[in-house]
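J.: Heads up: the protein sequence lines correspond to chains A and B, in order. Per our numbering, the first sequence starts with residue 443, numbered consecutively. Per our numbering, the second sequence starts with residue 120, numbered consecutively.
Pairs of lysine-lysine, DSSO-like flavour, derived with a Cα cap of 27 Å:
id	chain 1	residue 1	chain 2	residue 2
1	A	Lys538	A	Lys494
2	A	Lys538	A	Lys510
3	A	Lys519	A	Lys502
4	A	Lys538	B	Lys126
5	B	Lys184	A	Lys538
6	A	Lys538	A	Lys498
A partial selection of chain A residues facing chain B, derived with a Cβ cut-off under 8 Å:
id	residue
7	Glu484
8	Gly485
9	Leu486
10	Lys491
11	Phe531
12	Lys538
13	Gly542
14	Gln543
None of these hints come from the bench; they were simulated from the model. C-beta: ideal position from N, C-alpha, C; glycine also.
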Amino acid sequence: GDSVTQMEGPVTLSEEAFLTINCTYTATGYPSLFWYVQYPGEGLQLLLKATKADDKGSNKGFEATYRKETTSFHLEKGSVQVSDSAVYFCALSVLKLVFGQGTRLTINP
Amino acid sequence: SAVISQKPSRDICQRGTSLTIQCQVDSQVTMMFWYRQQPGQSLTLIATANQGSEATYESGFVIDKFPISRPNLTFSTLTVSNMSPEDSSIYLCSVEDRTRSTYEQYFGPGTRLTVT
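Based on the sequences and whatever the hints tell you, model everything.
T.: Here it is as structure tokens:
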């Protein structure tokens, strides 16, 4: 079945560091890919998406590129802030939404 | 995107009791979903709720334990029945946005349930 694998956390970085959270997927068909973010005590927010190969999704300084050849959708940000501390979920959708296990990110000042 | 609210935001319940969670959307939507997020875990789909038909449950979830109502296009409820401590989780509803060409889901703020 369809599945998503994320890099294990927790991830701790200093402010202004470069961030990469790896995400790979397995899917039958052609999925849409998503990154969701969950801030402490809140629900999930859609961060960015990509719907076909080589698409780049971007929002709030975060980017991810749909790489069909490597079945990946890694999340990147050039300079993280303390306010980026949250849990990040990679997800795919063919017939339904399937989530990765989540990666907890903590940014220290 | 749709604005989704849930009630209650949190609750502490005794084992053996039941809790009904409400989900309200500010626009009409065809498909609504209920998820469970156990402590420190990812989201697991419980069921899909379409207006005018019975909910479709995922493997491992049954109607007797998680009855769902969908009386109209803006509202749904999930009941957690005969609760045990293992039901302590965050329960989230979501809706699918079909005004866009891509499949997107938007989530409510969640209901944090603790069963003692």
